[in-house]
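Novice: As a plain string of letters, each chain reads:
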Amino acid sequence: MSERSVLEGVTVLDFSWVGAGPLATKYLADFGAQVIKVESRKHLDLGRLSAPFKDNIADPDRSAFFLHSNTSKLSVTLNLQHPKGVEIAKKLARLADIVMENFAPGVIEKMGLGYDHLKQIKPDIIMASSSIYGQTGPKARFRGFGNSGAAISGHYTLTGWPDRDPVSPGIAYADVVQPLFTVTALLAALDYRERTGKGQYIDTTQVETMIQFIAPAMLDYFANGHVQKRVGNRSSYASPHGVFPCKGDDRWCAIAVFDEKEWEDLCRVMGHPAWTRDAKFASLSCRQVNEDELESLIGQWTIHHEAGDLAAMLQRAGVPSGVVQDASDLVDRDPQLRERQCFVKLEHPVIGECNHPAPPVRLSKSPAQIKTSPCLGEHNDYVYTELLGIPDEEYVDLLNKGVFE
Amino acid sequence: MIMSSKDEDKEIAKASMLSGVRVLDLTDEKGFLCGKILGDLGADVIKVERPSGDPARRIGPFYSNLPDPENSLHWFAFNSSKRGITLDLEGSEGQEIFGKLSSRADVVMESFPPGHIENLGLGYEALSAVNPRLIMTSITPFGQTGPRRHDKASDITLMAMSGLMCITGDSDKPPLRMCLDQSYSLAGAHAAVGTLLAFWHRRFSGEGQHVDVSIYECVVRANYWEPARWEFLKGLPKRMGNQFARVRAAGRQLWRCRDGYVTWLLMGGDSGARLTKAFVEWMDETGQAGIMKGIDWETVHVAQASQEELGSWEEIMGKFLREKTLDEIEAQAFKRGIPMARVNEADGVARDAQLSFRDFWEDLPLSEPGKTIPCPGFPFLSSEADTRTGRPAPRIGEHNVEIYGKELGFTDELISAFRKRGIL
Numbered sequence: 001m002s003e004r005s006v007l008e009g010v011t012v013l014d015f016s017w018v019g020a021g022p023l024a025t026k027y028l029a030d031f032g033a034q035v036i037k038v039e040s041r042k043h044l045d046l047g048r049l050s051a052p053f054k055d056n057i058a059d060p061d062r063s064a065f066f067l068h069s070n071t072s073k074l075s076v077t078l079n080l081q082h083p084k085g086v087e088i089a090k091k092l093a094r095l096a097d098i099v100m101e102n103f104a105p106g107v108i109e110k111m112g113l114g115y116d117h118l119k120q121i122k123p124d125i126i127m128a129s130s131s132i133y134g135q136t137g138p139k140a141r142f143r144g145f146g147n148s149g150a151a152i153s154g155h156y157t158l159t160g161w162p163d164r165d166p167v168s169p170g171i172a173y174a175d176v177v178q179p180l181f182t183v184t185a186l187l188a189a190l191d192y193r194e195r196t197g198k199g200q201y202i203d204t205t206q207v208e209t210m211i212q213f214i215a216p217a218m219l220d221y222f223a224n225g226h227v228q229k230r231v232g233n234r235s236s237y238a239s240p241h242g243v244f245p246c247k248g249d250d251r252w253c254a255i256a257v258f259d260e261k262e263w264e265d266l267c268r269v270m271g272h273p274a275w276t277r278d279a280k281f282a283s284l285s286c287r288q289v290n291e292d293e294l295e296s297l298i299g300q301w302t303i304h305h306e307a308g309d310l311a312a313m314l315q316r317a318g319v320p321s322g323v324v325q326d327a328s329d330l331v332d333r334d335p336q337l338r339e340r341q342c343f344v345k346l347e348h349p350v351i352g353e354c355n356h357p358a359p360p361v362r363l364s365k366s367p368a369q370i371k372t373s374p375c376l377g378e379h380n381d382y383v384y385t386e387l388l389g390i391p392d393e394e395y396v397d398l399l400n401k402g403v404f405e
Numbered sequence: 001m002i003m004s005s006k007d008e009d010k011e012i013a014k015a016s017m018l019s020g021v022r023v024l025d026l027t028d029e030k031g032f033l034c035g036k037i038l039g040d041l042g043a044d045v046i047k048v049e050r051p052s053g054d055p056a057r058r059i060g061p062f063y064s065n066l067p068d069p070e071n072s073l074h075w076f077a078f079n080s081s082k083r084g085i086t087l088d089l090e091g092s093e094g095q096e097i098f099g100k101l102s103s104r105a106d107v108v109m110e111s112f113p114p115g116h117i118e119n120l121g122l123g124y125e126a127l128s129a130v131n132p133r134l135i136m137t138s139i140t141p142f143g144q145t146g147p148r149r150h151d152k153a154s155d156i157t158l159m160a161m162s163g164l165m166c167i168t169g170d171s172d173k174p175p176l177r178m179c180l181d182q183s184y185s186l187a188g189a190h191a192a193v194g195t196l197l198a199f200w201h202r203r204f205s206g207e208g209q210h211v212d213v214s215i216y217e218c219v220v221r222a223n224y225w226e227p228a229r230w231e232f233l234k235g236l237p238k239r240m241g242n243q244f245a246r247v248r249a250a251g252r253q254l255w256r257c258r259d260g261y262v263t264w265l266l267m268g269g270d271s272g273a274r275l276t277k278a279f280v281e282w283m284d285e286t287g288q289a290g291i292m293k294g295i296d297w298e299t300v301h302v303a304q305a306s307q308e309e310l311g312s313w314e315e316i317m318g319k320f321l322r323e324k325t326l327d328e329i330e331a332q333a334f335k336r337g338i339p340m341a342r343v344n345e346a347d348g349v350a351r352d353a354q355l356s357f358r359d360f361w362e363d364l365p366l367s368e369p370g371k372t373i374p375c376p377g378f379p380f381l382s383s384e385a386d387t388r389t390g391r392p393a394p395r396i397g398e399h400n401v402e403i404y405g406k407e408l409g410f411t412d413e414l415i416s417a418f419r420k421r422g423i424l
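Top to bottom, those sequences are chains A and B. When we follow our numbering, the leftmost residue of the first sequence carries the number 1, and every step to the right adds one. When we follow our numbering, the leftmost residue of the second sequence carries the number 1, and every step to the right adds one.
Please note that a few of the clues may not be correct.
Below, computed lysine-lysine pairings styled on DSBU-like, alpha-carbon distance capped at 35 angstroms [said to hold, decoys possible]: (1) A:Lys54 to B:Lys234; (2) A:Lys345 to B:Lys335; (3) A:Lys110 to B:Lys335.
Stretch-level coverage of chain B by chain A, calculated; a stretch enters the list once three of its residues show a Cβ under 8 angstroms from a Cβ in chain A [what the hints assert, rightly or not]: (4) 348-360; (5) 408-422.
No lab work stands behind these hints, which were simulated from the structure alone. The C-beta atom is built at its ideal place from N, Cα and C for all residues, glycine as well.
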C-alpha cells in the first residue's frame, strides 16, 4: 500500500458552511486534501449551531452535525468584513488549488473574493460555487432552505402515498446529492488543469443535480407527456415490493420480488399457501394488478414473525429483503457496517471519543484517512504563521484589530 | 462569469472535462449512473451488454408506453453519453475479447454479485496483471467484504435498512421509500467520485486499484442526522409526514395552495424573524395577518413555541396560502426574499424558467427517427470546459462494428461469425 494520500498536495480554501458545501469538501479532506475551512466568530457556521450537541450543551465545538460534515479539515477564523481579512483570504487563495463557497449568489463577489478576483491572483485557480438554483438566471437570487431542492426538482411530489399529500424525505436530501456532483466536478477540474494548465469556475445547483436522480420521470414527461405520480412503496418492475408488518410495535420488513424465481422462493418460505396458486398472482403483471390484495395476504403472514427472523429466513431462500432499521441498529448492532467501519471511532478534543462517518467508497491502494473535525479556529497558528508566514508582531497586531474574529 | 450556451456557440470547440479516458461499463441498473456521469464529462464510456441486450432494458417507463428493449426511457436516461457493444462474458471466447478491451481501458465498472467477475476470470487481480494501470470500480449492495456481502438486496431493502424509511412518511402509515431507485443513483454518484479519486492517484503513482462501493453505505451516509442524534441524545424520532420536529412542537413544511403545494417553515433566530416579518407584512397587506401581526418576532422563540401556539399561526398562514396560486406565491416570495419553494411535478420542472435560461435541457434523438426530446443536461456549469453531454443511449450492439472492427481489427467475417455463435 502506498504511503501517499490520494489528494496529498491539494489545498482547498473552503468558505462553505451548513450542509451541501461542507459535505463536498469533507470528501476531499478525508482523502488527503488540505482543506482550510474559513469561519468567523462573528458569523458562525450554522452547522456549529445545530443540535444534537454533546451532553446537550450548545457550543460551537460540540455539534454532532458539524462534526459529521467537517472531518479531516483545518479550521481558521477570519473576519471577512474587515478589509485586512479579505487581504489574508486572498493570500490563502494564492496557496490554494481549489476554492469552495456556498453563500447566497453574489455575496462572495461583493467581498472581493469572486472567481474574477481570485483568478487575477492565481490564474489557474479552480473555484466552485454551490447554490440551490444557480449563480445565473432570473431566479439566481432565490432563497431556500432544507428541502427546497427536493421540492423544485420534483422529488417531493413523487414521494408519498397515491391518495395523500406529497411527503418530504426525512432528510434535506439535496444536501447529500449535490455535494457528490460538486466533488466530481472538482476532481475532474483538477485533472483538466493537469492536462491543460487551466483552472475554471464551476457552478453547481441543488435543482440541476437532483433532476439527474429522477431523469426517467422527466423523460416520461418529455417523451410521453406523462406526469408521474406518487406510488407509495411500489415499483414499476417488481411485485410484491414494499414493507410488511412484523411482530411488535412499528416493526417492518422490506420484501422485493423482481422475477418468477424470487416469487417461487417467496411462496416456498410462506409454505405455499393456497392463495399463491391463484392465477391472479401468476405473473409480475398479474401481481401488480392485484397488488392491494397481494400485500394484504403477505402481511397476514409476516405479522406472525419477528422482523429479523423474517429477513434471515427470506435471505436463506434468496428473496431480497431487509429489516426497516433505525439509527440505533446502524450505530450499535449492524454487523456489516461494523466490519466495514462505516463509522470510525476517533477522539475529538472537546466531544471525546465518538463516531465519525467514513466515505462509502473504499480504495484498495489509497484508502481514506479520516481525522476528527476541527474546533473553531483550532488551526489559526498553523495556517497564519506557518503556512502564510505572517510575522508574530503583525499577527498580534491583526489579532488585536479583530481580523481573526 | 459563466457564459450562456449562446455565447459558447461562438467559441471554438472546447475541451471536455475528462478526455482520453476509456471506461468499460459492465454494470446493471445499480451502477448505470456512474458511467453516465463520467460519459457526460467526456470520458469514452462503452456499455457492454449481453448479446440479447441488458435485462435492465425491461425497466419502464417506455417510449409511447410500448414495452420494448429499445424503448426503455429508464435505459435511455441512465445510459446516454455511452457507446454500446454486446459481448457474452460467460464463455471463454467472450472473456478473451473482454481481456483485449480491458488491456487498453482505464476503468472497468461492474455490479455483479461479489465473486462473480472473479469466477469469469475477469476480476481485478486478473485484469490488472495485464494492465496495472487499470481501475476497477465495483458497485454492489453491501460491498466486497463483510457478513452480508452475499445477501440479496434491492433499492427498497437497502433503503429500509439504512434508517431512512423509518423517518420518512406519515405516522399512521408504513415507513416510506423515496421515489424511484434513489439508492442506485446515490451509489452511482459516489462511485464516480471514487473512480476519479483512483484516477488522480494513478496520475502520480502510475498504478490502478480496486474501488469498492457499497450501495448500503451510500444510503446510510445519506441518513446524515439520525446516527448522530442516536449517539449523542439517544433519540429515535419516528416519521411524521411533513412536520418538522421542534423542541416542543412540530412545524409544518408543506402547504397547500390553489393549484399545488409550496414549502415554507417558520424559523427562529435573527434571520428567521426577518423572514417571518416579511411574510406577515405580505399577509397584512390584505388584512389577513390576524394575531400574527401584533407579535414581535424578534423576541419570539419559534423553536420553543407550544403546539397550540404554532397551530394558531399555521392556521392563519395556511388559510392565506390556500387562496394563492403557485405563480403568485413564487413571484411574491421571490420579491420579498421569503424562502418558499414550489413543489413541482414533472411539468413544472419542465417549464422552469431558470433551467431554460441556463440551457439545462439538451435535445437528444430517440429511437424513433426524427424524434428528439429534452434530457437533463450537464450536472453543473463550467466556465472553461465543454458542457454538452453528448450522445443518446446506445441501441443493442450499436457500436459493435465501430469497436470490434475499427479498434480491435476484427474482419466483417469474424464479427458475423461471433454474432452467429452468440458471442457478440
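Novice: Now tell me if each hint is right for this structure.
Specialist: Hint check:
Between Lys54 (chain A) and Lys234 (chain B) the CA atoms are separated by roughly 11 angstroms; this keeps the pair inside 35 angstroms, and the hint holds. This hinted pair does not check out: Lys345 (chain A) and Lys335 (chain B) have alpha carbons roughly 47 angstroms apart, beyond 35 angstroms. Between the alpha carbons of Lys110 (chain A) and Lys335 (chain B) the distance comes to roughly 21 angstroms, so the proposed pair stays at or under 35 angstroms and holds. Proximity of the region 348-360 of chain B to chain A, defined as three or more residues with a beta carbon under 8 angstroms from a beta carbon of that chain, is established by the 10 residues found.
Check result for the region 408-422 of chain B against chain A: violated, 0 residues qualifying (beta carbon to beta carbon below 8 angstroms, three or more required).
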